[in-house]
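Based on the provided sequences and hints, a complete structural model is requested.
Chains A and B are the protein sequences, given in the same order.
The letter at position 188 of the first sequence is residue 188 when you use the working numbering, and the numbering goes up by one with no holes.
The letter at position 13 of the second sequence is residue 13 when you use the working numbering, and the numbering goes up by one with no holes.
Heads up, some of the hints might be wrong.
Just the calculated beta-carbon pair ranges, DEER-fashion [what the hints assert, rightly or not]:
#1 70/A to 54/B: 41 to 47 Å
#2 65/B to 135/A: 25 to 31 Å
#3 64/B to 133/A: 28 to 34 Å
To give a feel for the contact side, a few chain A residues facing chain B, derived at Cβ under 7 Å [said to hold, decoys possible]:
#4 66
#5 79
#6 107
#7 115
#8 118
#9 143
#10 152
#11 158
Covered stretches of chain A (in silico footprint by chain B; criterion: 3 or more residues with CB under 8 Å from a CB of chain B, positions within the stretch not fixed) [said to hold, decoys possible]:
#12 68-78
#13 108-114
FYI, nobody ran anything at the bench for these hints, they're computed from the structure.
Glycine included, each C-beta is placed from N, C-alpha and C at the ideal position.
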Amino acid sequence: MRIVWSGVPSARAANCRPSAVPRGDLRRSTLDVDAWMDATFREFAHRAGLGRPAGEERVRLRSVVIEQSEGWLIACEVPGVPRDSVAVEVEGQQLVVTARRALEGPAGFVRRAGERRGSVGVARFELPEHADREQIHAALRDGVLEVRVGRRTAAPRRVIAVESAQTPTPDASAATAEVTAGNVDVQTANSPEVV
Amino acid sequence: MTTANTEMALRSPRVDLFENERELLVVADVPGVPRDALSIELVGDVLVLAGDVPALGEGTDALAPYRFERKIRLGPAVDAQAVRAEHADGVVRVYVGRTVASRKIAIA
Numbered sequence: 001m002r003i004v005w006s007g008v009p010s011a012r013a014a015n016c017r018p019s020a021v022p023r024g025d026l027r028r029s030t031l032d033v034d035a036w037m038d039a040t041f042r043e044f045a046h047r048a049g050l051g052r053p054a055g056e057e058r059v060r061l062r063s064v065v066i067e068q069s070e071g072w073l074i075a076c077e078v079p080g081v082p083r084d085s086v087a088v089e090v091e092g093q094q095l096v097v098t099a100r101r102a103l104e105g106p107a108g109f110v111r112r113a114g115e116r117r118g119s120v121g122v123a124r125f126e127l128p129e130h131a132d133r134e135q136i137h138a139a140l141r142d143g144v145l146e147v148r149v150g151r152r153t154a155a156p157r158r159v160i161a162v163e164s165a166q167t168p169t170p171d172a173s174a175a176t177a178e179v180t181a182g183n184v185d186v187q188t189a190n191s192p193e194v195v
Numbered sequence: 001m002t003t004a005n006t007e008m009a010l011r012s013p014r015v016d017l018f019e020n021e022r023e024l025l026v027v028a029d030v031p032g033v034p035r036d037a038l039s040i041e042l043v044g045d046v047l048v049l050a051g052d053v054p055a056l057g058e059g060t061d062a063l064a065p066y067r068f069e070r071k072i073r074l075g076p077a078v079d080a081q082a083v084r085a086e087h088a089d090g091v092v093r094v095y096v097g098r099t100v101a102s103r104k105i106a107i108a
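Following this line, the structure appears as structure tokens:
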């Protein structure tokens, strides 16, 4: 088990932040910068309370993310939130949990002391690169929301045949190329069969 | 070493206190505590809430369990025979009867 992150959600979370250093070709770099700016301004708007209804008190949900062999388990504490008042959404690269609850007492009761905060709780998590967006399931139990995010399996290995640009002679040997991460390894085999 | 491994982390639940003329109401956030793992006691005028949160996850990937505990002094005017509790969505509500209702005193 590896606890990816525990505490208050933040774009600073390890393994979860959008790439701040563009890599690869120009188009990839542009996309990285766009994602980073989107996340930055979303965080700014969240902290500044932009678009928030008057009288609504927002808090960050106490949460934990656990990396497991089959994926990730995200648990958010949402006490007092009924099932129809919690929303789990995927926005771009983020998983967003929003929970609403009533803090008022029953009719006729007056509050004398209070520690419970937040009529609206929000948590944002950057989805890891290998998260399977089609395999996200959520369950609510005793005031804890458990969101399970599946891990996308790696693409199967491909072996690509390399054809000669010259006219092949009848007894010429075939060549195969084995593509590995970042480089190409060409092997000459006695048999033309691609393994 | 054995003792350290078996000690459970302790958390204090956040509570709100309400009242009307007949009852006090204590509302506490106890997320993750199943109903059968929740303990509610009235010791004198002190309400004791406790509950165990089971491990999160399965097998070796599980997050360690922990315990909620909170003591709330309600004052002397409580009726130990008139206590009832509700538990839903990770929140426990305890209603405690009052023996003396507050009343206004007119100045002669």
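List, from low to high, the hint numbers that the structure doesn't satisfy. Of the numbered hints, 1, 6, 8, 10, 11 do not hold.
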